[in-house]
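Given chain V's structure and the hints, the job is docking chain P onto it.
Listed here are the chains, written in short residue letters.
Protein chains: 2
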Amino acid sequence: MDSGFKAISSGTATSPQGFLAGAVLSGISRQKELDLAILYSEKPCLAAGVFTTNAIQAAPVVLSQKHLQDRSAQAVVVNSGCANACTGDAGMADAEETATLVADRLSISPADVLVASTGVIGVPLPMERVRTGIPKITLISEGGHELARAMMTTDTFAKEIAVFVKAEPDGFTIGGVAKGAGMMHPDMATMLCFLATDATVDAGFLQSALQKAVDASFNMISIDGDTSPSDMVVLLANGLARAETIDDCNGERFQKALDEVCLYLAKCIARDGEGATKLIEVTVEGALTEAEARLAARTIVSSPLVKAAMHGNDPNWGRIVAALGRSGAQVTETRLDVYLNDVCVMKQGRPMPFDKQKVSRSLARKEVFLRLYLNLGRGESTAWGCDLSEEYVTINSAYTT
Amino acid sequence: MDSGFKAISSGTATSPQGFLAGAVLSGISRQKELDLAILYSEKPCLAAGVFTTNAIQAAPVVLSQKHLQDRSAQAVVVNSGCANACTGDAGMADAEETATLVADRLSISPADVLVASTGVIGVPLPMERVRTGIPKITLISEGGHELARAMMTTDTFAKEIAVFVKAEPDGFTIGGVAKGAGMMHPDMATMLCFLATDATVDAGFLQSALQKAVDASFNMISIDGDTSPSDMVVLLANGLARAETIDDCNGERFQKALDEVCLYLAKCIARDGEGATKLIEVTVEGALTEAEARLAARTIVSSPLVKAAMHGNDPNWGRIVAALGRSGAQVTETRLDVYLNDVCVMKQGRPMPFDKQKVSRSLARKEVFLRLYLNLGRGESTAWGCDLSEEYVTINSAYTT
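So the protein lines, in turn, are chains V and P. For the first sequence, position 125 (counting from the first letter as 1) is numbered 125 according to this note's numbering, and the numbering increases by one without interruption. For the second sequence, position 82 (counting from the first letter as 1) is numbered 82 according to this note's numbering, and the numbering increases by one without interruption.
Quick caveat, the hints were computed from the structure, so don't treat them as lab data. On a predicted model such as this, the values are computed, not experimentally measured, just so you know.
Any copy, or any two copies together, can satisfy a pair, since identical chains are not distinguished.
DSBU-like, lysine-lysine: derived pairs with alpha carbons at most 30 Å apart: (1) Lys66 / Lys347; (2) Lys358 / Lys32; (3) Lys356 / Lys32; (4) Lys43 / Lys212; (5) Lys267 / Lys212.
Just chain V, same shape as in the assembly (with noise of 0.2 Å):
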């Protein structure tokens, strides 16, 4: 990682100083081991979100975006199983309880909680077993990992890193946990992320440093171009770290830290797709602007064909190319260099012989990494996806049945 800051090992969304969270198997997810979860400030946090743009949003989603309008939280309360989306007034009055009762459990304002769900839309969220399950929650300061793991739905593992930031004199810590696996798209995937620091912050650039974080990250992430009804990702900063206070003068060190914890995680979120075997990184240079080199590498990233070519490990470069050419992007076909794994195969629009079998072997590696020239003008972007296996079929085929 980059200089100014380090890595924490095994850190999670509890590592920053007054962070507790415990979870508990409730009963709403059928076969989980954990599926309810809080994560708590021993002390009031200033707070920022970044919410689903779908015009379809889940109760809990509408609750908590109204719950930070005074960028002000304390407790965040989480359950996989069922997303109580799509689920009318029920579910908002659902969702208000939880808050509530999660509120008089840590004796805070129930406009202090925010409230997530994820699971199957469409479904009542099972309010006795939020009830009994709410009361049995330890809090403890190495709850990160539950809460980890009690998010998860599809995900195959948990998502959580912390990094500690010098500051003058001490330093502070930023932690975060995420769930991901399917549902999944740049503009917010079907994804939560809940992040932690003891900086002390900025409120308005706590929100504006969240938001070039998540747009760098998270919406640069694609499973399979659904996005969901429940997405967030919140950042709670309690400031008991002792440090100087973060603004928008000495913010680059707190922004950089932040970005690499979202990079982290979304990559993992990449890497863990439903039924993945790979992560695909597409990374387009040379663009006219900065929003055309984006919209080439997420839809690269995004196309089933080069997903399925990629899960083959077959060098079928001709995909990536029409991808490329339906994004929206300004290509011009003779100025275009394409890569697989560092070996061209297409130089100033021709075709160039390679190794098939060679580059077929490269591209059984874990990681791919897909490189496009486009020799127009400066913009670059990255974007990163998973390969697209039978096993996503099958896994979602047969979701609620």
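Only chain P this time, still in chain V's reference frame:
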């Protein structure tokens, strides 16, 4: 079908008077029976075309657009097994030589030959096989069936139709053949379609009628969201039928018949999507505008999660609503009604109880109907696609290897 026209038994692109076709196995394609074909009209034709909007265009697409500038054509040559796309200047020279070979064979001008290629991208067209293949093609009036088969790539059945339209004094015929299967999306799919008619048609009307028919059919199907550099729909009109000249004033009957021909072929393509086991029809009504209805229907039918759920007969309607939500169409959740095959699963934004087993059984049929009523305006539209199967991934993970 509608009154005013009727389907011709075993109809194909050579059903209209004066059209001949034939095909051979040239060896361009590795495994196929037929891979090179010509469609020819005994009389020069007025011609119209709609081409891929992909920024990367295959040499045959560029050449055919050029040859169509004078709105006249007399033959189409098509090969499968190689797309002659991303092949640089050499690819363009190959497309031009192909047109000249066909022109010499038929004693017409190369500018009256349209060229189409479908198959792998980035591989040069094996010209020696084209040179030996073209003279071997025998053109006959029943040759449309061979043409349809020679165009197939991963298609599992030939797609062809012809209709006879009553008109003074005798009437006219419209026939067509298409290929589809993968890399297929609204805004021109990976597809080729050749339409022929013996009607006498005004040139301006011919192009606008074709664009209208394509917008309501081929532009409303999606297999996987990918588009190709090779897509084209071409319509040739030779005027050999004894019927009045068709123009804006009396074009309604021609338009209806052309729409039906295109719609039939488009639905064949959707039904035969790579690995597909069923046709999915998505109808959106009550959108604010027709444009929003189109957007919503296309987004839903393209959603990998919806497609995977339909594959598993899983009535997981939340994914349909989530796809609607990200489509860009305006949606008010509390007004939304959703039906799976005539069973209401959501009414005014609230989940409705339904017999999961029964609906799941109905989703196992060969045609599945998803209907959404937005209850906001008068915009309506229908899109077609197919389910996403493990077989799709298998086909596409080893296409060139």
